[in-house]
Amino acid sequence: MTARRLAFELTNRCNLACRHCMRGTAQPRHDLPFALICRVLDQAQRLGVSLVSFTGGEPLLHPQFEDLIRATVERGYTFSFVTNGHLLSRVLPLLSESAVKEKLIQVAVSLDGPDAETHDAVRGPGSFRKVMAAIAGCHARGLPTRLKPTVNRKNLGRLEEMALLAAHLGLTGLDFSHMHPTPDNLRDGLMLAPAEWRQVETAVARLAGELKIAVGLCAGVYDPSPFYLCANLSMIDLYVDVRGNLCLCCMLPAIRGADPDQPEPDVIANLAEVDLVEAHVRLVDRIAEFHRHRLRRLAAGELSELEHFQCLACARYFGKLEWLKDFPDSPWSGLVLPRKEPP
Amino acid sequence: MDQKIKAQEAVVFTDLDDGSAVLLHLDNKFYYSLNESGSFMWQLIEKNDGAMSKEKLVEALCEQFDVSPDQAQSDVSEFIEDLTREGLISVKSDS
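So the sequences go chain by chain: F and G. Using our numbering, read the first sequence as starting at 1 and increasing by one per residue. Using our numbering, read the second sequence as starting at 1001 and increasing by one per residue.
What the hints contain is simulated information worked out from the structure, not anything from laboratory work. Here the structure is a predicted model, which is why all the values come from computation and not from measurement. All C-beta atoms in this analysis are idealised placements derived from N, C-alpha and C, irrespective of residue type, glycine included. Do not take every clue at face value.
Each computed BS3-like pair below joins lysine-lysine, with the alpha-carbon atoms no more than 27 Å apart [to be verified]:
1) F:Lys130 x F:Lys154
2) F:Lys325 x F:Lys154
3) G:Lys1092 x G:Lys1054
4) G:Lys1029 x G:Lys1006
5) G:Lys1047 x G:Lys1029
6) G:Lys1006 x G:Lys1056
7) F:Lys130 x G:Lys1006
8) F:Lys103 x F:Lys130
9) G:Lys1047 x F:Lys101
10) G:Lys1004 x G:Lys1092
11) G:Lys1029 x G:Lys1004
12) F:Lys148 x F:Lys101
13) F:Lys148 x F:Lys130
14) F:Lys130 x G:Lys1047
15) F:Lys130 x G:Lys1029
16) F:Lys212 x G:Lys1029
17) F:Lys130 x F:Lys101
18) G:Lys1006 x G:Lys1047
19) G:Lys1029 x F:Lys154
20) G:Lys1006 x G:Lys1092
21) F:Lys148 x G:Lys1029
Not close to chain F: a few residues of chain G, all C-beta gaps over 12 Å, as computed [what the hints assert, rightly or not]:
22) Asp1002
23) Thr1014
24) Lys1029
25) Ser1033
26) Lys1054
27) Glu1055
28) Ala1060
29) Gln1064
30) Asp1066
31) Glu1081
32) Thr1084
33) Glu1086
34) Ser1090
35) Val1091
36) Lys1092
One chain only, chain F, in its complex shape:
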């Protein structure tokens, strides 16, 4: 299997300071160099990649965002991006150009509540109106737009309202995400318990069956199999972080709470130094190693309940949940068995 989607973390800068952000604030601020992105886009054509997605940080803060969109479209890729919506009006003219619009798969707009009170409690005062204005602009220009709510304590009871909001606004769908545990969101009570994650998954599945618009849940869901395969582990998605590293995962780089001085075994290769194809070969080896280690632990009875939660299992495997020991009362801590070092 070869990758279908190539995701770039364009920048780790952001114009908001959301309470539930997974990204650590201590990392130096970077923008992924334009030349490197273009080189990787050229190399990805040999791998059969067809879709390019842009994340951040806030990707619209990349100083050459418009140039990147043109470079992507000129190479024949379709594209999508995630945004908090605050700066979206600036790029509406570009996105409305016919050659660009026909390659745009989706604009995913982060929205964490069906009203200003709920959304702004997490994303900051005035944010809801700016997001609504951005969505109105996208709708007026006929751009495929989806909502991307992160489920947390504040909006747990509002999932249906958010789905209906997306439907009323004429959007193509919405993709809920779990809010992953960080020291900050465990401390301030935004984080849900494992049993609540499962309830969210049931509620989202029900909405998906009942509504006409597309309703989904992004990576991180509970999987009864100990050998879950997310888009990254399946190599459907390739993820390049803001430092230019091909990484195994889209969630783990610079995750809040991880020790910045520890090595990062989820980093495969830096694409400023290594061709994407060679990096992809190393990725295959790393994923095989991951599964071998997992199989051995399964046989030894060392897989805890936490490891059925995608993303968290990987975070733990890569040593990025060590901080959970400082939260012994958290229901997440109770799911963790003592960690064994990967071979």
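Take the given structure of chain F and dock chain G to it, following the hints.
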């Protein structure tokens, strides 16, 4: 007796690059398209925050666009009537 026009709090305005605009009513989630002159008038109403009168709108429209006072009077009346009916603005008498 003068009438003062105020944009409703629950309405969000989005300027589009060709001079037109779109309004979104957050209570009923309906979109409303505004042409260039509609966008111009909405921005004046919003900027003046409850202090804009019909007469001032007519005057501003005549200054900004190539339109006769009679036509402007008619356009503004229709605009106010439409937006009031849709709950996008409120009009209060300033006694």
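For each hint, the structure was consulted:
no.: 1; hint: F:Lys130 x F:Lys154; result: holds (20 Å)
no.: 2; hint: F:Lys325 x F:Lys154; result: holds (25 Å)
no.: 3; hint: G:Lys1092 x G:Lys1054; result: holds (11 Å)
no.: 4; hint: G:Lys1029 x G:Lys1006; result: holds (19 Å)
no.: 5; hint: G:Lys1047 x G:Lys1029; result: holds (23 Å)
no.: 6; hint: G:Lys1006 x G:Lys1056; result: holds (13 Å)
no.: 7; hint: F:Lys130 x G:Lys1006; result: holds (20 Å)
no.: 8; hint: F:Lys103 x F:Lys130; result: holds (25 Å)
no.: 9; hint: G:Lys1047 x F:Lys101; result: violated (33 Å)
no.: 10; hint: G:Lys1004 x G:Lys1092; result: holds (5 Å)
no.: 11; hint: G:Lys1029 x G:Lys1004; result: holds (25 Å)
no.: 12; hint: F:Lys148 x F:Lys101; result: holds (20 Å)
no.: 13; hint: F:Lys148 x F:Lys130; result: holds (15 Å)
no.: 14; hint: F:Lys130 x G:Lys1047; result: holds (17 Å)
no.: 15; hint: F:Lys130 x G:Lys1029; result: holds (15 Å)
no.: 16; hint: F:Lys212 x G:Lys1029; result: holds (17 Å)
no.: 17; hint: F:Lys130 x F:Lys101; result: holds (22 Å)
no.: 18; hint: G:Lys1006 x G:Lys1047; result: holds (10 Å)
no.: 19; hint: G:Lys1029 x F:Lys154; result: holds (22 Å)
no.: 20; hint: G:Lys1006 x G:Lys1092; result: holds (8 Å)
no.: 21; hint: F:Lys148 x G:Lys1029; result: holds (18 Å)
no.: 22; hint: Asp1002; result: holds (30 Å)
no.: 23; hint: Thr1014; result: violated (4 Å)
no.: 24; hint: Lys1029; result: violated (4 Å)
no.: 25; hint: Ser1033; result: violated (7 Å)
no.: 26; hint: Lys1054; result: holds (26 Å)
no.: 27; hint: Glu1055; result: holds (29 Å)
no.: 28; hint: Ala1060; result: holds (23 Å)
no.: 29; hint: Gln1064; result: holds (22 Å)
no.: 30; hint: Asp1066; result: holds (26 Å)
no.: 31; hint: Glu1081; result: holds (23 Å)
no.: 32; hint: Thr1084; result: holds (20 Å)
no.: 33; hint: Glu1086; result: holds (15 Å)
no.: 34; hint: Ser1090; result: holds (19 Å)
no.: 35; hint: Val1091; result: holds (23 Å)
no.: 36; hint: Lys1092; result: holds (23 Å)
Hint compliance for this structure: hints 9, 23, 24 and 25 are broken, all remaining hints hold.
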